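Please model the complete structure; the sequences and the hints are all you need to start from.
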Amino acid sequence: MSTRTIQGQKNLQDIRQASKDGIGGSPLRPDGTLKVKGEFAYSSDMWHEDMLWGMALRSPHPRANILSVDISEALKLPGVYAVLTHDDIPGSKFYGLEIQDQPALAIDKVRYHGEAIAIVAADHPETARRAVKKIKVEYEVLTPIVTEEQCLDPEVHGYVHEPHEFKSHGYGNICHSQKLVHGGGVTDEIRALADVIVKSDYEVGMQDQAFLGPESGLAVPAEDGGIDLYVATQWLHVDRQQMAPVLGLPEEKVRLTLAGVGGAFGGREDLSMQIHASLLAQRTGKPVKIVYARDESFFGHVHRHPARMTYEHGATRDGKLVFADARIVLDGGAYASASPAVVGNAASLGHGPYNIPNVRMEAIALYSNNPSCGAMRGFGAVQAAFAYESQMDKLAAELGMDPVELRQLNAMSEGDSMPTGQVIDSPAPVAELLQRVKDMPLPPPLDLENIDVRTLPGALSNTSHGEGIVRGIGYSVGIKNVGFSEGFDDYSTARVRLEVIGGEPVAMVHTAMAEVGQGGVTVHAQIARTELGVEQVTIHPANTEVGSAGSTSASRQTYMTGGAVKLAAEAVKQAVIEKGRRRYGWTQTDLTLAGGKVVSESQGALIPLVDLLGDEAIDLTREHHHRPTVPFDKETGQGFGHVQYTFCANRAVVDVDVELGLVKVVELTAAQDVGKALNPLSVIGQIQGGCTQALGLAVMEEIIVRDGKVRNASFTDYLIPTILDTPPIPVDILELPDPNAPYGLRGVGEAPTVSATPCIVAAIRQATGKALNRIPVRPEHITGTL
Amino acid sequence: MRVTFTANGKPVEADDVWEGESLLYVLRERVGLPGSKNACEQGECGSCTVYLDGTPVCSCLVAAGQVQGREVRTVEGLTDENGELGLVQQAFIDAGAVQCGFCTPGLLVQTDALLDNDAQPSDTDIREALSGNLCRCTGYEKIMDAVRLASARKCAKAASE
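For the record, the sequence lines run as chains A and B. With this note's numbering applied, the first sequence has no gaps in its numbers, which climb one by one up to 877 at the end. With this note's numbering applied, the second sequence has no gaps in its numbers, which climb one by one up to 376 at the end.
None of these hints come from the bench; they were simulated from the model. Given the structure is predicted, the values throughout are model-derived calculations rather than measurements. Only true hints are included.
Residues from chain B shown here face chain A by an in silico Cβ test under 10 Å; the list is partial: (1) Thr294; (2) Cys318; (3) Cys352; (4) Gly354.
So these bits of chain B aren't anywhere near chain A, every CB distance computed over 12 Å: (5) Arg217; (6) Glu228; (7) Gln283; (8) Asp333; (9) Ala334; (10) Lys372; (11) Ala373; (12) Ala374; (13) Ser375; (14) Glu376.
From the three backbone atoms N, C-alpha and C, an ideal C-beta is built for every residue, glycine too.
Below, the structure is given as structure tokens:
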């Protein structure tokens, strides 16, 4: 290596270090300043002169025939501009993410409590509220179909959707089913190979995404007869795809722009107010804003599927798993939403990150008259993880083994096969992640003599001074897929433009990615800086003027849209270099961009971008497709169905007041392999946030549904963790690159929500000795007074 | 009815206010101060917290008529007249405590009030003071970091003055 080369490299390193805000750094959010100033425009902040307020009339019954709807009194109210029912819909009356089974406004019957029947536009939200109350609906109330037994016996209890209504249905009230058989399956002969067998039933309640920013947006009628919609969503293009046929418009006349999103977590994958506001804007010719109240938000989006599960595991005396058998029943509620994909995940990920030679699984999603369920962080992997991790603890207890050692003994690693037959072809450090959480220092032991009572279970209520407190520790690990699976051509589009503005080279990144708080906008700027060697990057507002980015879900956006930004930026880089070659005849093969210059890796800077670009902008668009997958075989569940896997391990330390049944999580530790932390600050934020939603599911979060009716549609009654309920969450990040992913990264957001719930329950079990097979764990489960 | 009050030091008035309107609605929809957020409108989440005559309140629970002649300070008022961020605002950005940011305005006002009363609160004091502000994204760890950072900067600033 010549001296010159070394100098050149040093020069290059210096230039690159100037761009510390590239990948691997933690630059601050580009929208952070606006957000702390209160100037960031969320969807509910949209405002238009002369705008109207939209509101929906919602069904008080989970199942009823609609005999008549009388809107005449509502229309007479001063200030009311329109009252619409399904009769007023200009196009298709149905929509849906996977199956178009959901009416935009109820037709002749309602299938869940809170289903929209009519919509109103008025000059003030209170006028709209009063108008909604004046709509008279005559119902024939029917007994709702709400239990698994009722759903599976439609001849007696009826159909949620009549069999002739949708061809895509399975049979009866089953929306989707997936079986899986691996090895020899589970037979009497295989059971006989096990020295120890544990079997239990588990139940998971209905969790809500409970994002803080309510569903909202502004629909503005355009002069060309189209609609401009400013909305909080997770996927602009799929919203448009579902909206346009209902509005009777070609897709190009339905233009969506992302308004500020106050969290999503899967709850914005389905449409909420998009069609309603647009229909009202079409009818009135005025801009229409809809902002859900909190109770309407609980009715207006899908939730996490509640589940009933049966799991059986067999192992040899030395702890090697022999077989696993499971049945998972997910209640999908009235409409399909994402249920088919959730079922696919539950079945394929439902035996966890373990090597099990013989496996059987059946997962189904039911149609019922309960609230619709669909996407929520962890997407079908969460419910199963509670069951299989509970089983691991139970098995360890039966075998007299340490629960972490039992998990490590059976942990899958790179080169092993999933029960689907798919070989894991990138790092899978399951045993190592468990070891990492185990090795992290424990919090100091409980010291009742010197404790601040505010830190005890029950916290500020001053309910005890620690008399009945017992401490417990639990462990867990989980697996989650990244990206859309089972043959879905999941892609994203990015447009990158490089030009000189104000004497500086500036990159612009334009995608349709929904920034929902996860930090994609920060990472896109980091990628553009890294690839183009410039400091200044602007992020174009996300809209449908550029190609689809796919959904901000499935932990996929940094992988997919980040990957697209990388491809587009690389293309711009090559175009810039080519331009220089043409002009200056450069022959070096080691050219790149760094520090605002074209640089030779061996010779250092050649020319500033400002001089090379002049007045010309280089503007290129690229799509990023991940490697293809295939649908799982319906009967055997076999197939290369997932793009990438991600793993997280946790340890929980809890204090339980066994007299009062109250739990305080003292510490929740996480270790996760992220492949490459593009922005470590954001990665840690995602993991801590994901762990906290898992904590919520473990001990407090549940939509209570009785006879199909939602009983707690408010933040008073649906409890999400406060800062007092949430402990310190130390995070240990592992970075083992995935050779198939951009920069080697792994999706981050969901894995902790999959894995962290079971360890909290395990810790409560250790403290109390109770079986605790249902989550959320309630005080009465701990005190035994149920 | 007409309601007149002071918002962030400036006199404002709102006409044709319906008796049932909240201060939150008047700020967001009539006065052009949408910084206070409408997450639950039931006093449970703290996203709409503002100062009313110097005391933090949930503006969704205050009837518009109640603020007649009084002083309101919102998140927009934490920024100084030159547009410079307040100490608490800057700390939330620096600590990575802002994700979706919907809870942020309420948390900023509540934290500002906490540090006004006690510039060096313990972790338990912070948790107690912010327990009325829900955040769904962060897991609160970085919010704790932000408050500690703001506290340290506030103490350092006081020491240097």
